[in-house]
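Protein chains: 2
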Amino acid sequence: MRRNYRKKDLPVADIRRYLEPGPTVLVSSRWKEETNIMTMGWHTVMEFSPSMIGCMITAANYSFDMIRKSGECVINIPTYDMIDTIIGIGNSTGAEVDKFEEYGLTQVVAEKVQAPLIKECYANFECKVIDKQLLSRYNFFVLEVVKAHVAVAPKFPRTVHYRGDATFMVAGKNVSYPGKFKAQNL
Amino acid sequence: MRRNYRKKDLPVADIRRYLEPGPTVLVSSRWKEETNIMTMGWHTVMEFSPSMIGCMITAANYSFDMIRKSGECVINIPTYDMIDTIIGIGNSTGAEVDKFEEYGLTQVVAEKVQAPLIKECYANFECKVIDKQLLSRYNFFVLEVVKAHVAVAPKFPRTVHYRGDATFMVAGKNVSYPGKFKAQNL
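So the sequence lines, in the order shown, correspond to chains A and B.
Numbers in the numbering used here are just positions in the first sequence, counted from 1, shifted up by 4.
Numbers in the numbering used here are just positions in the second sequence, counted from 1, shifted up by 4.
Quick caveat, the hints were computed from the structure, so don't treat them as lab data.
Any given hint could be a false lead.
It does not matter which identical chain is meant; a pair holds if it fits inside one copy or across any two.
What the hints assert, rightly or not - In silico SDA-like pairs for lysine to any residue, Cα to Cα no more than 20 Å straight-line:
{"no.": "1", "residue 1": "Lys186", "residue 2": "Gln118"}
{"no.": "2", "residue 1": "Lys136", "residue 2": "Ala64"}
{"no.": "3", "residue 1": "Lys177", "residue 2": "Phe160"}
{"no.": "4", "residue 1": "Lys186", "residue 2": "Gly98"}
{"no.": "5", "residue 1": "Lys151", "residue 2": "Ile134"}
{"no.": "6", "residue 1": "Lys177", "residue 2": "Asp85"}
{"no.": "7", "residue 1": "Lys177", "residue 2": "Ile87"}
{"no.": "8", "residue 1": "Lys184", "residue 2": "Tyr84"}
This one's a predicted model, so the numbers in the text were calculated from it and none came from an experiment.
With the rest of the complex left out, here is chain A:
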C-alpha cells in the first residue's frame, strides 16, 4: 500500500542526506501543457551550497527534451512501496502514456518550478538546469536544487537502489558513528 507522507521544507544544503545513498529516483517535468515522469539512477550530489546535483539522462528519453527546453525538473524520491510504479515508469514512454494517469500519481504544484511534484514520493527536490556544458557530449545535466520538501517521518526512507538485471537493493539498517567524524566531514 502506498504511503501518504506529510512533508516539511528541508534546507536545500541538506538534500545529500537523501541522494548520496544512491536511490533510484523519479524525475518529473513539464513543457508547455505536457507533464512526464522518468525513472533515473545515474545522479550524484555535486555541491552543498549552492545545492547542486549532476545527472545523466539518455537523449532518447522522452523527458530529455522536456527538461532541456524548460530548464527545470523535480527529483522525487520514491520508496519500496512504490516498486511497481518505479519499474512501470522506467519501462514505458511519455510519448505513448500519460504516466501520472497511468500510475495513479498525484501532481502537486511546485513553488519555484513549473514541473509538478509527485505527492506519493518521500521527498521532492525542485531543480533548475544551471549548466549545459556536458549536455551535448554526455547528456549530463548540472542542476541546482532551489526548493526541497521531505517527509516528516520516517527519518530514514526505505529507498530502492538499482543493481541492473531487473534487481534492486532495498535500503537496509542504519548505523551511526558519532564521535568518529571530524566536524567538517559530517
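Given chain A, work out where chain B should sit, using these hints.
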C-alpha cells in the same frame, strides 16, 4: 573481520551493477612515489560504453592534485566489514598519514594505471581521467573505467551508503522483477 575476496575480471560496461546503488567508495591514487586513499560518496555512472564515471572531489582534498596530475585513480568498493577503515580514511589526510600503512591495507599492482588497487575491497575499477571541462568550476572529474576486477562471491556486496550526520545505510535485501523490464532497460 575483513574479507579476503577472490577476484575475476568484469567487463567494464557492467560496473553499473556495483556503482549505481550508490555505495561509499575508496579512491586510491599515485603520484610519483606517493600513494593515497580517500573516501568518496559523490559519484555517478555516466555511460556503459565507453564505461564512464563522474565524481566530485573537493580541491582541498590531498587526493585531488594527485588524481589531477597523474590523470588516474582506482575506485575501490569496500564492504561493511571495513566500516572503521572507511570512516578513518575519510577523517584523516594523506598530507599527514600513509593510509595504506595506517589502516593495514594491501596494495595490488593495477594493470592499466599506476595507482594501486586495494586488495581488501570487494571490487576495484581502474580509471583514467578523460575530461577536465568541469574540473576548475565544480571539481568534477569525468573518468573512463579501463579495467574492472570484482569478487567472485558473494553476488551482491554488503556495501555502505552515507547519509550524512555520521550515519550509513547498510545494503539491505535484494528483490528481482524479471519479466517486468524491457530488454533495453535491464
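Give me the numbers of the hints this structure contradicts, sorted from smallest to largest.
-> Going through the list in order, the structure violates hint 1 alone and respects the others.
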